[in-house]
Each structure stands twice: as structure tokens, then as C-alpha cells.
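*Asks:* One-letter residues, chain by chain:
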Amino acid sequence: MSRAALAIAFALALLVPGAAEACSVCFSTTEENRWAFIGTTVFMSVLPLGILFGIGTWLRSKVLEMERHHEAARLPTPPAP
Amino acid sequence: MSAPITNPELELVDEAPGRPVVESAVLGTVLFCVVEAMLFAGLVSAHTIVRSNAVEWPPPGQPRLPIESTLLNTAALLLSAPVLFYAGRVFRRNRRDALRPLALAIGLGAFFVAFQGYEWLGLLREGLTLTSSQHGSFFYLMIGMHAAHAVAALVALVWAWQRLFDLRLTPGAFGGAAVFWYFVVAVWPVLYWRVYL
Amino acid sequence: MIERYLVQASTFAADIDFVINLIAVLVGFWFFLTAGVFFWLLFRFRRRDGVPSEYITGEEKEHKRFISIPHYLIMVCDIFIIVAAIQVWVNVKQDLPENPHAEIRVIGQQWAWTFVHPGPDGELDTADDIVTVEELRVEVNQPYVFHLESRDVLHNFSVPVFRLKQDVIPGRVITGWFEATKTGTHDIQCAEICGIGHGLMPGRIVIESAADHAAWMAGKAPNQLAATVRGTTVAATGGTKLAAASGDALNAN
Amino acid sequence: MAESIEHPGHAGGHDAPHDHEMSFWSKYIFSTDHKVIAMQYLFTGMAMGLIGGFFAYAFRMQLAFPGMEVPGWGMVSPADYNSLVTNHGTIMIFWVAMPVLIAAFGNFLIPLMIGCDDMVFPKINRLSFQIFFVSAIVLLSSFFVPGGAFGGAWTAYPPLSANPNYSLTPMGSSIWVVAVALEFIAFLLGGINFITTAMNARAPGMKLYDIPIVVWMIVVASILFMASVGPLIAGAIMLFMDQNIGTHFFDPAYGGDPILWQHLFWFFGHPEVYVVLLPAMGITAEIITVFARKKLFAYRTVLYTTFGTGVLSFTVWAHHQFIAGIDPRMAHVFTITTLLISIPIAEMCFVYVATLYGGSITFSTPMLWALAFIFEFLIGGVTGIFLGASGSDIYFHDTYFVLAHFHYTFFPIAIIGTFAGVTFWYPKMFGKMMNDTLGKLHFWGTVIPFNLIFIPLFVLGAAGQHRRIYNYEHFPELSAPWMQDLRQVATIALVVMLGMQLVFFYNFFASMFRGKAAGKNPWKSNTLEWTADSPPPHGNWPEGLPNVYRGPYEYSHPDRDDDYWPQNVPS
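Chains as they are written, first to last, in my numbering: chain P, 1 to 81; chain G, 1001 to 1197; chain E, 2001 to 2253; chain H, 3001 to 3571.
Please note that a few of the clues may not be correct.
[Unchecked claim] Lysine to aspartate or glutamate pairs mimicking EDC-like chemistry, simulated, CA-CA at most 20 Å apart:
1) H/Lys3207 - P/Glu32
2) H/Lys3207 - P/Glu67
3) E/Lys2220 - E/Asp2152
[Claimed, not checked] Sample of chain G residues with no beta-carbon within 10 Å of chain P, all distances over it, derived:
4) Asn1053
5) Gln1116
6) Glu1119
7) Gln1162
Since the hints were derived computationally from the structure, they do not count as laboratory data.
Using N, Cα and C, we set each Cβ at its ideal position, and we do this for glycine too.
The shape of chain P in the complex, shown without the other chains (with noise of 0.2 Å):
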């Protein structure tokens, strides 16, 4: 994804709250109810991500050693001095 979408996205996200000021059809739910649910969306949203995220760059550490490694293991050795 490029940088660039995600800055208008932000952009875009941040045009919002002005429309949310007027927003007087909020639904006739407890204010606290509705931010536990943008709470645990934004919750359940990051947590995988981060999750994921720390997972692969652990792998991706490990495989580039271990691809180094091999390299290092296929080239001649270099002879004695």
C-alpha cells in the first residue's frame, strides 16, 4: 500500500469528526456502549496486525540469517594466507 493512500485516508478520517458533531442520530444506546465498540474494533483490528507484524519481521530475521549463512557456506573458501 502506498504511503500516499494512507495519508488521504487519514486526511479523509480527520474531515470527519465535523460531520460527527452534528451527528444527533445517535442511536439511543449508553455513550459508553458506544465506545466500547469502537474501542474493541479498533482493539481487534490493531491486535492481529501487531501480532502478525512481529511474527513475520522475527521470521524474516531468521531467514535472512539463515539465507546469509548459506551463502557465506557456498562461496570457496578464500585461500590461507
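Once you have looked at the hints, place chains G, E and H on chain P.
*Replies:* For chains G, E and H alone, kept in the frame of chain P given last:
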């Protein structure tokens, strides 16, 4: 561009087939823990949402959870993680020496589960049941789910101890069991915070 | 597009149709462009003897731009769509008219709609409320605020000619608005599956002129708690219709 | 049981009849061989596909000819209709698309394409299929219990699904939940296997960027599945407890929250779309490179868009709930993320079209399927924008437009993608070639009726026809004669399409016996599975695993006389 990595002079045959990036058992357990982490995330989210609907939480007329005595419990569980980590380090140096710290970690974990069960009996007697209120439902669902994982992880650790006693335990199997136990330990503070406090 | 099938009978119907048309034009352009290129390539590069295929990695800049330029153009199209969609959404779902003509209550249950109209005094929950089953009567060119309630499961209050849909959730009151612009009688659907009788939950909305509406109201005795429409009461509706439904299925029609 | 059955070795064990019988069981039923398990998943998935197709036939007949006795089913009552619709959806997504695309192709292709002898956890792999098989039987058993099968739509929104007084299917809904939960456990075990195998068991010399795209995509799909299924398992447990134990998690009368289920369900439900989409995308990539004799355009871009799709797929799910009573302000954020996810998907389609440029395209049966996938999925993709934009979703939500949209995505994924994969790897699976003429007949006989089914449904949806209604007579605006005509067109096309599947089944089974011998590499393809025997023996490469020297898509390289350059050929 990934150029062809051909290099005819170099022999690749010395490389063992199926060389693992990470021990398969460890990686498999880590992936399993991702699912479990999201399972608990779902439960915690559900709890948060239902709790936000309530006028008063915990609901009136329901027994209070034993916050203080569970702290003792929590301490035992949290302590088991460094003990297990230590056992892992010893295991790498000298297998046989890991028996004792591993047994200690299992003991701490078993204490946690047993004490938890004892507290449940008290709460049941006081009238907090699965159907008595949302509070009770979530308490038994979430803490029970955690207890089930704790028991499963303990079984894995006991199995590892048995294998270690027979000197047949592989580092991968030990790592897998340990990762699952770390997960059980790591989830608990979150549950304690959300459910008890 | 939609107005070819259904009249636009509310103030925001045209806005929603505009968003739909905008999306149709933008994605239609990309669809036909991609499909055209696709079929042209299939024809142009079909296998011919002695003509080998080219070796193109797609990693060089001059090749990659065939992907990246459309990529940015699509992003621009997305922004147009997002802005239009959000504007309409805010208008329909977030803003409420400041001085509604009246408030009405819509109650969904398995498997009937109950509509509570404020009687001649224009206030809900007073003695002259008019309760109807499966028939909602509103005045044309007047903003209405509705409150949706459910007695059992999820329903969905859907009026296609208004381009309006909103789930009805038990335990909550959901508020929204509409303003009809054309007189006539149209369907009200339940668009969320609500059990065996889901297909038997049709309502009708009658949009009438101020004079007709006043005449209808005057014809109703005050405090009709169990108003009758087509001879069924609220309580009896579910059961009767289910019986009717099994009859439908058994007697081929 | 999992531990007790030993795999027979290649030698010995055939001296007594008893042993011989054992070896059939252990070879085909309790095997740990990834290819056998893949076939088990494929055949189970196909059988479930037939059942799901039959359900579609029964309820489409009711819609086209309301009140008529449907041949093979009988009268379709409203309760029947709901059960059929619900189980059609459930079966097609969870018991056809998932097992065939992820499990069957994942099991068959991953070890063969990365060059190893088997999965890293073969016994867990077998356990995965056994649980899956049980789950299928559990689901089907719900049709024979009192009250009938669950009829609350495949999304199972409570309170309808949570309370038997509302759903009137006391046992059916519990069985449904149990079956779905079992099925998730099966794929969770499979997913662990796929990811670990792809990471750990690659052939010597195979770097991450030498892995074929289809393997990458199955792995990413497994990751998406595993990271998203947890909350739904939690929700399924809660729903089961609501149904049977007397808790009230989803019951607003007791402080529960019905929207909570939608929250948990769609958190899984949307990534699930990409879980099944990605393997089909990968299969298409393999096929178009082979039959266009072209290198895949921008391999790394495809890979990064795959990752991008995976990341974004976790942030779009609430667009299913725009009008479900969530905070209306959340719709803005989810409109934006939903339209953002159109970008990587569009980019993938562009890459595939660009791959065709400069190629030498052979229109064999697998290639036709792959091309049809791109085209039909394009229609599914662009119509999704109407539903992802909050403003237009107010109108389109829960209409037949939605239905036609997701069938235009799921049909290319689950049916076209499957047929593409099966016809392409059939020579490897069974060592025989399929009949090309019958294959093409089946192709046109499936794709043309498919469009005739769902284009009318787009029109009906645009005209306001809402979903899951067993008979539109009660809605004056929806019972116009032209609409009924369109419903009949769709139904007749469906019957034709189902009939044409007989051609496939004939071709599939007849070719096993009468097909031409395929040889190792009939399509002149680069990837490793084509260096094994057809069909590969247990262990895949008994003479030793292949070494890998390059990426999988080196077709028509200018330095070579041949127009392909297998991954395992040194130079």
C-alpha cells in the same frame, strides 16, 4: 529483480533437506497461540461491550470477586514463567539438570490451577453461577477458558518432564510446550485486569 | 439507474441514486477499460507458430508504470466516491431535521410491523395515538422522524422508494428520518432475516396529501390500541400468517 | 487413534490378506501422506458442493415457480426455504470453498511445490481432515433432527439464532454452531501445518522469493484465517451457551448485546473472503504464466499486494454493519478502508492482464478457466464498490445486488478457481490427461449459465428485491411479471449449469482409467511438482529431493533454447 541464483560451481547437496528456520514445534505452537490470542481478544472485547451496557458493574446482588487472594495466585503464575525460562537455559547446557526447575514451574502452575478451582467453589457457594448474571457468565467463560488452557499447557509440560526424565526430550518439543505455557502466563494479567478489577 | 425501476419518493433518494450513478460511471470506466485490454491481449497474443513470447520481468520502471499509473488513478476515483458517499451518509443517517412534522414509532416483531402515529395533536404517547398494523400513513413533503423498536429479533425497516434501510434492534431505539416527496402507496420490506415468517412481513406505506391525511386521522377513533387492519390484530398476526404461509406452500397457486 | 495407525513402508506387509486389507485402510483412509489427504479434502469438498448445489436448485425452483412441487425435494415451506438458504451458504463457504481451495490445494501443492517429502506435522494433518469430515457429517445430520436444520442465514444473527423460541429450530441451530466450530478447528490445524511447512521444509536453495505465488498466497490466506478466526470461535462458544446453557450473552432483555455477535462474526467474515480468494488468485497466476509462456509480471509487486490485502482485510469488516445499528460515524472510517482495499485487488488484476502482454497464449481448458476467473472476478470486484461506499449501501444492503455481487466473487473463487486447479494439476494428481473437448464443453456450459443466473439477479437487486424471501407475492412492487420472468431465467440457467457438471464428473472419473498417460511434465512447467513422477509416490521424490536454482516463472528466457527453465535445472 531476483536474478537466477544459479551458480554451477557450488554444490548444494551438503544442505540438509527440510532445514528449519525455527524449530517446527515452536513455530507451530506460536501460530496456535496467535489463534488463542485472538480468541481471548474476542472474549475480552465481548466482555467490554456487554459491561458497557450495564448500569452498574458488577451487577447488584452478585458476590464480589476475590481480588486480593487472586493476587497470590497471579504471583505464582507469573513466577512460573522465569522459572521455566531458566529451565530452558539449563536444558540447553545439561539436559538432566533441567528436571528440577521444570518440576518447580509445573508445581507453580499446578498451584495456580488448584487455587483457582478452590476459589470457584467459594464463588459458586456464594451464588455466582454461569447463569446468575452477565458477570457470572463472563467470569466462568473467560476464566474457565483460561483454566482449560492452563491445564492443557500443564499436561504438555508434564509430558515434557516425563520425556526429559527418559532423556528423550527434543529441544523442539520442549520449546513448543514452553511457548504455550508462556502464552497462558501472558494472557492472565489481561484477564485479571478486565474481569477482576 | 435505480429510478428506472423505482420512483424517487424521498428527499434523499436522488442523492443516493447520484452516488450509485457516480460509482457506476467510475467503476464502469475501469471495468470496460480492463476488460477491453484483456480481450485485446488475448486476441493479439494468441499462440502463433514461430512467434515466441517475450521475456518481460515487469520489474523495470518503464514496465511497472503500466501498473502504477492506473493504481494512482484508481485512488483518485476512490476519493471522489468516498466524499460523495460520506456526504450522503451524513445527510441520511446522522443529521436529523430540526423541526420534524411528526415523530412516528415503528415496532417490528415476528412477523408484523406495528406503526404508531401521533394523532391529531402531533405528539407520540398521548391518548390519540393511532396504531396500525402493516400500514404506515404519512403526509407528503413533511419531514418525519421515526423511532425503530423490536420486540424479539432483528428486523430491518426498508422502504425501497425512499432508498432507506435501517436495522431494527431489540433493546435499542434507533432514530432516523425521511421526507416523502410523492404521493402513492409503496412497499415496506423487512430486509433482515427474522425467522420462518420473514417472507410474510410486508408493510405498506401510504403517502398522502395533507387533506387526505387529516381525513384519515379524523376517521380513526382515538386510542385505538388494537387497531385492525385487514381484520387481524397485532397479537394474532404472527400465527395467522404462518398458517397462511403453510397453506401457500401446500396449495399450489 | 491418531497414534495407533502406522504407515506401511514401501516394502513388505503384503504377505497376508489381512495385511493387505489393512494397507488399503492405511493407504487411503488413515494415510498421513499429504497427497492422499488432499484428495480426501477434494472429494469431500466436491460431494458437499453437490449437496450445496442441490439446495440452490431447490430454493431457486421455489422462487421461479412458487408453490410448485420441486422435483427431488417436494414442497418448499418457508421453514425449508430458510434452512436451504442457510445451509447452501454455510456449505458453499465452509465446506466447499475452504476445503477445496485451502485444504486440498494447500495439501497437494505446498510440499510438492517447495520440494519436500511431506508436511512437517503429518499426523496433525490427518487429524485435521478427520475433524473436518466429522464436522461435515454433523452439519448434514441437522436436517434429520426434530425441528429441522438451522434457518437463520449463514450469518446466524442472534437473537434469532440464540433462542429456539424465535428460530423454531432448537436442535438445528446448536448443531450448526458445533459443526462450524469443528470445521474451524480442522482448518486451524491445517493452517499451522501449511505455514510451518512453507517456512521450514523448503528444498535446498529455495529462497523466499523463489516460492511459487500460489504457495505464498495459500500461506498468507492461512495466516489471515488463523488471525481472524479466534473471535468467531469465542462468539460460537457464547452462542452455543446461549442456546443450551441459559446464558444471555446476546439477549438484550438480560443486558446482552445482539450487535456483539455481528462484531465477532464479521471480524472473521470479511477476512474469510480473502482467505478463499487468495488461493484462487494464486492458482490463476500459475496457470496464466504456463499457458502464456510468460514470466509473471512483477512477482514482488504481486507479493506485496498480497501482504497489503492481508493487512487491509483486518480493517474493513464493519462495512457489513453499516446499517446494522452501529455508530453511524464508524461508517466513514470503514468506507475509506473498504475502498482502499479495492486498490491492491485491482492491482493484482492489472498484473495478471499485464502478464498476458507479449505472451504466446494457448487456450487449453485450464487456461480458459483461469482467464474466466480474471474476467468474472473483475465484475465481482467492481460491483463491490457499490456496497463498500456507505451512501449507496443504504439502498443496496441485503438486496439481491449484494447476493449477485458476492456470487460474482465466490463463484469465480470457489468454482472457477477449483476447476482451473483441478484441470491443471489433474495430470499430476492421477497421472492421466483429461479429455480437452469435454473439458471445454464443461467450461462453456458452466460459465455462460453462470452469467445468466446472476446478471438477472443484479437487475432484480437494483429494483429493490430483498433477500431470503421464499415468495415475493406478498410484495406488490416485487411481483411484477418482468421480475418473475427474470427469476425464471436465473433458475433455468442454474439447472443447465448443474446439469453440465455431469460432463465434468464423467470426464474426471473416466479420464482416471482411459486418459492418456501424462508423463512428468505435460504442460512444460517450471515449478517443482512437475519434476516428480505422476502421480508422485509417497515421499514425492524417492531418489532425493530437488535442489532449487531460480524463481518459478522463468519462461521464454532469451538465453535458452527451450521456452521454460525448471527451477531444479542447474543451467
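*Asks:* None of the hints should be skipped; say for each whether it holds.
*Replies:* Comparing the hints with the structure gives:
no. : hint                  : in the structure
1   : H/Lys3207 - P/Glu32   : violated, 50 Å
2   : H/Lys3207 - P/Glu67   : holds, 7 Å
3   : E/Lys2220 - E/Asp2152 : violated, 28 Å
4   : Asn1053               : violated, 5 Å
5   : Gln1116               : holds, 25 Å
6   : Glu1119               : holds, 27 Å
7   : Gln1162               : holds, 30 Å
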